[in-house]
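Colleague: The chain contents come next:
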Amino acid sequence: MFTYYLDLALRSLRRNKALTALMVLAIALGIGASMTTLTVLHVLSGDPLPGKSAQLYYPQVDPQDIKGMLPNKEPPDQVTLIDGLNLLHAGRADHQALMSGGSVPVQPEQSSLDPFYVEARYTTADFFAMFDAPFLYGHNWTDAEGEAKAREVVIAKSLNDKLFAGANSVGRTLRMAGTSFRVVGVLDSWQPNPHFYDLNTGSYAYGEQVFLPLQTMLELRLDRNGSTDCWGNGGGGVGSILPSDSCVWLQFWTQLDSPAKAAAYKEFLVHYSQDQKALGRFQRAPNVRLRSVMQWLDYQMVVPDDVRLQNGLAFGFLLVCLVNTVGLMLAKFMRRAAELGVRRALGASRRALFAQLLIESGVVGLVGGIGGLLLAMFGLWLVRQRPSDYAVLAHLDLSMLFTTFVLAVCATLLAGLLPAWRACQIAPALQLKSN
Amino acid sequence: MDILPILSTLRRHKLTSWLLILEIALTCAIVCNAVFLIGQRLQRMDMPSGVAEHELLQIQVADVTTPSNPYARLAEDVAVLRQVPGVISVASSNQVPFGSSSSNGNIRLDPAQPERTLFATTYFGENLVPTLGTRLVSGRDLQSDDFVDVETAMKGLGNGDSKSLPHVTLITQTLAERLWPGQNPLGRIIYLTPVVGLRVVGVVDSLVRPNAYDTAKAQYTMVVPLRMGASKDQSYLIRTRPEDRANVLAAALAALKKADPQRVVTTQRSFDEVRRKFFQDDRAMAGMLVGVIAALLTVTALGIVGLASFWVAQRRRTIGVRRALGATRGNILHYFQTENFVLATFGIALGMVLAYGINLFLMSHYELPRLPGVYFPVGAVLLWLIGQVAVLGPALRAAAVPPVVATRSV
Chain A
1 MFTYYLDLAL RSLRRNKALT ALMVLAIALG IGASMTTLTV LHVLSGDPLP
51 GKSAQLYYPQ VDPQDIKGML PNKEPPDQVT LIDGLNLLHA GRADHQALMS
101 GGSVPVQPEQ SSLDPFYVEA RYTTADFFAM FDAPFLYGHN WTDAEGEAKA
151 REVVIAKSLN DKLFAGANSV GRTLRMAGTS FRVVGVLDSW QPNPHFYDLN
201 TGSYAYGEQV FLPLQTMLEL RLDRNGSTDC WGNGGGGVGS ILPSDSCVWL
251 QFWTQLDSPA KAAAYKEFLV HYSQDQKALG RFQRAPNVRL RSVMQWLDYQ
301 MVVPDDVRLQ NGLAFGFLLV CLVNTVGLML AKFMRRAAEL GVRRALGASR
351 RALFAQLLIE SGVVGLVGGI GGLLLAMFGL WLVRQRPSDY AVLAHLDLSM
401 LFTTFVLAVC ATLLAGLLPA WRACQIAPAL QLKSN
Chain B
436 MDILPILSTL RRHKLTSWLL ILEIALTCAI VCNAVFLIGQ RLQRMDMPSG
486 VAEHELLQIQ VADVTTPSNP YARLAEDVAV LRQVPGVISV ASSNQVPFGS
536 SSSNGNIRLD PAQPERTLFA TTYFGENLVP TLGTRLVSGR DLQSDDFVDV
586 ETAMKGLGNG DSKSLPHVTL ITQTLAERLW PGQNPLGRII YLTPVVGLRV
636 VGVVDSLVRP NAYDTAKAQY TMVVPLRMGA SKDQSYLIRT RPEDRANVLA
686 AALAALKKAD PQRVVTTQRS FDEVRRKFFQ DDRAMAGMLV GVIAALLTVT
736 ALGIVGLASF WVAQRRRTIG VRRALGATRG NILHYFQTEN FVLATFGIAL
786 GMVLAYGINL FLMSHYELPR LPGVYFPVGA VLLWLIGQVA VLGPALRAAA
836 VPPVVATRSV
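Sequence order for the protein chains is A and B. This note's numbering applies: residue 1 is where the first sequence begins, and numbers increase by one. This note's numbering applies: residue 436 is where the second sequence begins, and numbers increase by one.
In short, the hints are calculated from the structure, not lab data. One or more hints might be untrue.
[Stated by the list, open to error] If you want a taste of the chain A side facing chain B, the calculated C-beta under 10 Å gives, among others:
1) G30
2) A133
3) N225
4) A314
5) R386
[Unchecked claim] Lysine to aspartate or glutamate pairs mimicking EDC-like chemistry, simulated, CA-CA at most 20 Å apart:
6) K266/A x D77/A
7) K590/B x D305/A
8) K712/B x D305/A
9) K590/B x D229/A
10) K590/B x E219/A
11) K67/A x D576/B
Because the structure is a prediction, the values reported are computed rather than measured. Yeah, the Cβ is synthetic: ideal placement off N, Cα and C, and Gly gets one too.
Turn these sequences into a full structure, and let the hints steer you where they fit.
Modeller: Right, here's the structure in full:
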């Protein structure tokens, strides 16, 4: 029966090519546009470390002075050096790392290469284990080496390719900012998107080339990038001067393996704030947060507003395309009233007619879906040509491919429901009489 | 043209008519808001900077190792750049208009007030007013004895020694008017921290902030006499004649490289490029909106063509009868045109309500202003036009139906 209906549908669609083409085009345009924007939204709001991010938490404490305090005001987005080191040394989490971003000049040994700047991450040793950063060669520096301000560096694969032609460079020397560093590890390709652990340096498609111990950076006073927020008489730090104690400029991340541990850690943050207040460092009542990675990204509203707006716009467009298709399909089905009347008179049940008409709209949906997929691929190509930092990430993945087809067929079936139902209401006798 | 027969015909095609009305309404609502959004973006991209954009170049260079005396280094660089032929003026600055990266401070008019008055950007740099080409409206420009080395100031801030801090500032007219409406700002004090009180000595016409994301606050700008050393974050700004820009940029880079071949140039661009980069997302968004409007109007127009064709085919016999009874081709043509006009009018009326609703939703989610009334007639006229253009083909086909059709039995 299905193949017979399919045959009928194809015949009917062929009979009125212009109208069929119009319906397919409308569906394809609507699906293409909405899948393009939905894919971009899906990529941008994705989980940067699937499987791991649920155990990662970002503690916030409030060391600001009493001025400008409002109830329910969020604590600062980063930590001061003192709080960062205190929390780090307390070691209450399963893993924890204190970090900041920057950039350093690399002075290649080869005379053929001019010095160049690379993005750097200054961090304590647990960073790599906590964020599951994969090592191609070697390993990270140890906690003790970090505390000893070791001149050691972990480099990214791309930098290793550029400087050492992709060879195992562990043990080699890398000269940066006038200091010699020993390469202890080379990371395999690794770039979490969004760049969740420090959103100040750019949220998407951002990756560091070198990773240095934080304590080494503090000693050498390497250049910092990112955001520094101060209060009171705090000064943001410039040149070789670090930001003062009343400035937040570091990120502190923790790994807490169970919700119970997370709850306990939040308790600890409250106690820490109370202790600091007793010591006179903090002035405000404990004001702490402990957000997981996805909560943090949500709170920071990392997905650009424009992307959401475009998504809404595209779905509005899809709605218009669907209404358009419903109208055209209705016109088409009603025009075949006579034919349907004859089929009814010859004994076809309403259900049978309904099924036949739905198959016809399903075919339109399927063809429109294929067209929409091609348009979505073209649309994503267009997005990739844009200058935005997230543009390079706009690629269709398997789940979005599947979603496209489901959306296209469901949408057209839904659009076909009303016209098919309406057409089935035809009284067979009336149609036969008028002929 | 009598409208009643049209309405009574439409009543017999209620479902189809309503679908067409709904499609026109949705299109109208989206197009009104999209046109409004495009207007907003274009207006934003037109934001005045207050500086001579077509005459300015920005260069950033970085030393591989920190120079022993960054202040002397910066002075040398500025001197080198001044020697480059075609250079009119040179300044150094911690930030540039529309440059994104910015230094900002919480302004208070009374050091004891709990909440900040506003959040203003702070330019630190020498020779900025003549180089940028902003106009001094009142008071005086910053002088070299106003300037304090930034490290001295930082130390002063740390130990509360107000002598080693800057004491004066330049502000924009917008900021002056916002802080002291209708009063003379000269001589008044702005507090950046409880100990950093800056006396306003001059007011400039306009100087946009690097992070001008909010149009209303784009001109909340101060210039503070802090002397910065050479560093990778410091920019050299060069003023030259528009036609000399490419040559001067090349010559300036060569001169800096000659002074120290070990240096890395991290930024080299004209201010036209600075502006283009700052507004690139707005441009992309406006382009996308234009595309959406075009696609929407096309789909709607094709939908109207499709439905009208169907109706014409369905009514061939009725048309034939009317023609046989004396209706002219013009009557038939006008009938379909009026029918479309009626449907479009219903659609537009519904669309206006929807457009207003969408705008309310956008206002609550995206910090957009209210949709001005002028966009409603624009959307209406656009859709009436599209409807008439789309229906013309089928209507002409209807008018071409010969009266003899009436005599043929079906």
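Colleague: Do the alpha carbons of K590/B and D229/A lie within 20 Å of each other, as the hint requires?
Modeller: It holds: about 18 Å lies between the C-alpha atoms, which stays within 20 Å.
Colleague: Can the restraint linking K590/B and D305/A be considered satisfied, given a maximum Cα separation of 20 Å?
Modeller: violated, 41 Å
Colleague: Would the pair K712/B and D305/A pass a check requiring their Cα atoms to be no farther apart than 20 Å?
Modeller: It holds: about 18 Å lies between the C-alpha atoms, which stays within 20 Å.
Colleague: Decide if the proposed pair is consistent with the structure: K266/A and D77/A, CA atoms, cutoff 20 Å inclusive.
Modeller: Distance of about 16 Å is within 20 Å: holds.
Colleague: Under the criterion that the straight-line Cα-Cα distance not exceed 20 Å, is the pair K67/A, D576/B satisfied?
Modeller: Violated. K67/A to D576/B sits at ~33 Å, over the 20 Å cutoff.
Colleague: Does N225/A pass the interface check with chain B, least Cβ-Cβ distance below 10 Å?
Modeller: At 9 Å from the nearest chain B Cβ, N225/A passes the 10 Å test, so the hint holds.
Colleague: Going by Cβ atoms only, is G30/A closer than 10 Å to chain B?
Modeller: holds, 8 Å
Colleague: Does A314/A hold up as a contact with chain B if the rule is Cβ-Cβ below 10 Å?
Modeller: Result: holds, 8 Å to nearest chain B Cβ.
Colleague: Does R386/A meet its interface restraint, that is, does its C-beta lie within less than 10 Å of any C-beta in chain B?
Modeller: holds, 5 Å
Colleague: So, A133/A near chain B? Judge it on the closest CB pair being under 10 Å.
Modeller: violated, 27 Å
Colleague: Below or equal to 20 Å on CA atoms is what counts here, so check K590/B against E219/A.
Modeller: holds, 19 Å
Of the numbered hints listed earlier, those contradicted by the structure are 2, 7, 11.
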